[in-house]
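Peer 1: The residues making up each chain are set out below.
Protein chains: 2
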Amino acid sequence: MSLLDFLIGRPLASSEERAEQIGTAKGIPIFGLDALSSAAYGPEAALTLLIPLGLAGVTYILPISAAIIILLLIVFLSYRQTIAAYPGGGGSYTVARENLGTFPGLLAASALLIDYVLTAAVGISAGIGALTSAVPSLHSKTLLLCLAALAIITIVNLRGVSETGGVFLVPTYLFLATMFTAIGWGVLKTMLSGGAPQAVIAPPSAPHAVEAFSAWLMLKAFSSGCTALTGVEAVSNGVRAFREPTAKTAQRTLGIIIGCLVIMLGGIAFLTHSYKIAATDPNGSNYQSVLSMLFAAISGRGVFYYVAIFSVLLVLIFSANTAFADFPRVCRVIAEDRFLPISFANRGRRLVYSEGVLVLAFLTAALLIAFGGVTDRLIPLYAVGAFLAFTLSQAGMVAHWKRQGGQRVRTNMFLNGLGALATGITVLVVILAKFMEGAWITVVTIPAILLLMYRVRSHYDKTLEQVASPGPLDIEKTPNLRVVLPMQRWSALAKAALCSAFAISDDIHAIYVSGAGEEHDDFREQWEQDVVAPARAANRPVPKLVCIESPYRFVVAPIVDYVLELAKQHPDCRIVAIVPEIVERRWYNYFLHSQRATLLKTNLLMKGTNHISVLNVPWYIE
Amino acid sequence: MSLLDFLIGRPLASSEERAEQIGTAKGIPIFGLDALSSAAYGPEAALTLLIPLGLAGVTYILPISAAIIILLLIVFLSYRQTIAAYPGGGGSYTVARENLGTFPGLLAASALLIDYVLTAAVGISAGIGALTSAVPSLHSKTLLLCLAALAIITIVNLRGVSETGGVFLVPTYLFLATMFTAIGWGVLKTMLSGGAPQAVIAPPSAPHAVEAFSAWLMLKAFSSGCTALTGVEAVSNGVRAFREPTAKTAQRTLGIIIGCLVIMLGGIAFLTHSYKIAATDPNGSNYQSVLSMLFAAISGRGVFYYVAIFSVLLVLIFSANTAFADFPRVCRVIAEDRFLPISFANRGRRLVYSEGVLVLAFLTAALLIAFGGVTDRLIPLYAVGAFLAFTLSQAGMVAHWKRQGGQRVRTNMFLNGLGALATGITVLVVILAKFMEGAWITVVTIPAILLLMYRVRSHYDKTLEQVASPGPLDIEKTPNLRVVLPMQRWSALAKAALCSAFAISDDIHAIYVSGAGEEHDDFREQWEQDVVAPARAANRPVPKLVCIESPYRFVVAPIVDYVLELAKQHPDCRIVAIVPEIVERRWYNYFLHSQRATLLKTNLLMKGTNHISVLNVPWYIE
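Going down the list, the sequences are from chains A and B.
In terms of numbering that gives the first Met the number 0, the first sequence has 199 at position 200, counting the first letter as 1, and numbering is strictly consecutive.
In terms of numbering that gives the first Met the number 0, the second sequence has 512 at position 513, counting the first letter as 1, and numbering is strictly consecutive.
Keep in mind that the hints were calculated from the coordinates and are not lab data.
Keep in mind that the hints are not guaranteed to be accurate.
Pairs involving identical chains hold if they fit within one copy or between any two copies, as the list cannot separate such chains.
Taking lysine to any residue and the SDA-like style, the derived pairs with C-alpha atoms no more than 25 Å apart in a straight line are [claimed, not checked]:
1) Lys-461 to Asp-336
2) Lys-543 to Pro-533
3) Lys-600 to Arg-585
4) Lys-140 to Tyr-305
Turn these sequences into a full structure, and let the hints steer you where they fit.
Peer 2: Here it is as structure tokens:
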């Protein structure tokens, strides 16, 4: 237990909830890392698709970024309203389920869960990828580094919300500071130079154009750039983690996150255009990230460059944290509706939904291992989930306002409707543009998860039906007990077990299993003398001794068979199978005793019926 | 279960013992493979040490082989007598323990057990080594092939004695046939050519001498060659596996094994001398085994050569089988004396001591994995164990005859005394000659195993003392039962558990665990209505409802604490903790229910006392 204390910290009492609640300063690292870090890959993803257009591509990044920023603002306004309407936590699942029905809710939930697993895997692998391109000697350790980063994030999250915010505070604000400095500096230079700044280190010249402008290419670039929007819904899922007034604090946090993201996306688009930075082929030997070229063009490769690149790297790795903050919360809400195992709703020792954290860590590790730590191929998969959830959530909000009515109902409905429309169109665009590259996997996986959730729920319903409302206790019907007691020799343990048997019933069957043709006169004699005689003397019913021959040397099976047979013959009785057991206080003595008691208990439990219970009588060896 | 049937076969009834007993034909593969296969490495091991003497070394192989053969014959005569004297199985352990005392017995046993583990690992690795030198493309798969061979041998042995003999019959007799053919053919050629036969393919010429003759070198060569004697004691351990008349059949089997081995050792020595075959450096690039050079010299590299080499390879791999035949038997005898866990004495479904087979397989696999499948470095370790066991066993026989008296007591004592003396000197020689190369490891490991065995025994003695002879049942002292029943809601399961509680006691404590500050009025109300009211109406004592607040959300710990506290307060009572449990018939539903019942049972068993028993009341979900 002390190792657990060391790793995860002492248990927190339920009453310490308040101390675990967070303000804006910690909320940004916890719920905003995913959104903010997308500044590091969103524009790059769009620019990469524009490579075939040559230098002209750099021009098109401006309208594409503008479209993405507009979409981002629509989604922001929409989620701002959701937070106000659902101060108890308004994830896509809750909003869609309450307003559109169970199916849309679960659809949103499963899309979102897939998206979070992908976010965690891609975030870690992108960050470690950036690290290994900076320090090539680490390249062979990629998977190990990924898993180490995953382990750190998992442990930090298990330590509780407040601690998580503290740990990720420094990298987040370092990243924001360097990004803002670079953008401000670059914009200043551009203005001073009249729109054509001189790069300190010139980016590689853009390749020759091999394709002409086409709407399809623009759509693909736009849908790639849309990965920048994933992570926006995180805050609305986690409203309850915020300090009072929760909704206001959450809204402010979301506002700051989106504000920062808009500045970064806009700034990067503006500067890549004015410095004429085209993306380089990610699979080519001269690959350099857009941010790296941008920093070098603005500041040269000095201290600032390396600090900035390092902070980008940290933020990419820790962007996985947003998934860890939200995945367990989403699972918990679904589990409370019994569509996932109820254990997801249990709060662990640090008031965190530990099972969700661990399941996410497990799934992420599986993905990382399956792909050897390089998850580039997963990038096309994500965004689909996020945008599907966005759409359902916004559509749900429209229904919410319609039902709710109120003063500003039209404005509200318009804002959320606009969000639903914009994100709905984006889903279609993303699926179309990326279907063959992997989006089809998401499209196939979602129904599988949905099916699983429905089966979980139907199992719980069936269980509940069988167990619930049993009516009052019928005291008259207290059943007769018959006791079955296996006994191989007359020992202190056997005696204790037999005493217990006498205490609960007068109908005792002692079972002795012998090998084929084995003599058991010794045991019979001892039985007569030490059991039968005292029972007669005390005028109590004599226990029945049943000897069973076991030709195949099995000991457990004949006892189980006897118990089952007895239960069948006396359906009105309750059978108590006594299992005497020698218990070792020290684990290393475990191997010295036969594990028959454990085997017998397991077998009785597996094959038994509602009328058979097992009384485990232990005897401790000191 | 059907997979187990397929792999290991249907269970054999104890009465089928006779059909599992074997004659000479199957006895040779089962108990003789280790001894016979030593013809393939014993002479080579001696010749390798003679390399520094150049061509002169080939001459010295004659007296060294003669010494080894004489030792072998002495050990044979000695063990022949042991078999006659111990028809129930006369391993070194039994003989030494009965005649010299417990300590020498256990010393012999632990030496022998180490030796068997090494035999298994070295046999498999030597055979696979021969295979990979023949087919170099398999080299990278060495460990995998070793483990596959180990798996095959393990499964065959788990299938029973008779089957094992059948499987290894063909390779054994193929090996004997090719060896005898080669030796007969070579001897004939030598005679016809007047002692200087012409090799079909000449062996590489012997290296130049770099050392002169020394007694130390002879001793080292002799002790290396002595590895040829390991495996001789196998038959005497397994006498009981033979058909009636067991002792005679066993003696005949041993005689044939030793006869074959003597012919092979003598023949190889004679022919390496007449063909002037010196060993080649095993680490050199031109390495070729002595047998390979010999076969090539006699027959050229035709079909015969390849068949012969292939049979050597099979016999080397399967020589591990002798260890699998004997290790479980030795463990079983020791376990019956309670110096090893008693489970070693249980016969599995195929009448084999399965646990010994599995433990040997596990230890061998661990060695193979630790050494990557190349266990050359282990060769110096083995022989020590075997010869130590030989010595103790022969010395025990001397004491046996002395006590027993009888007609031929002097001859018998002389034969076994000679055996003890010869093998005793050999142990010293082997330890001296190979101490630094690894024999010290055996010398250190034996005391560790001895210590373990004594601790196992003392634990059993202590247990027995606490459990045995409890005296007759005191029926008057049947204890009062107090029942503790955890209850979180009023369900069919809770009702069944409460019915059981009423059936066994009038003193019932129902425990309700609530979170800090949680309301539980609903439950109280239902309790009053569905439990208290019917109990009052039936004029039965009302169960006590205990509500416990759990600030850290733990549920199991407060219940366990309550039970322990109650047991402390009422030392004269027996506490029955009822654990209601929802049981799933399908394993994949396992995750859908909290595992609190399992946790509670485990915790109660771990922390409990002799006065606390656990009544598991299951409720099956159909």
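Peer 1: Give a verdict on every hint.
Peer 2: Results of checking the hints against the structure:
no.: 1; hint: Lys-461 to Asp-336; in the structure: within (14 Å within a copy, 54 Å between copies)
no.: 2; hint: Lys-543 to Pro-533; in the structure: within (14 Å within a copy, 35 Å between copies)
no.: 3; hint: Lys-600 to Arg-585; in the structure: both (21 Å within a copy, 17 Å between copies)
no.: 4; hint: Lys-140 to Tyr-305; in the structure: within (22 Å within a copy, 46 Å between copies)
When the structure is compared with the earlier hints, no violation turns up for any of them.
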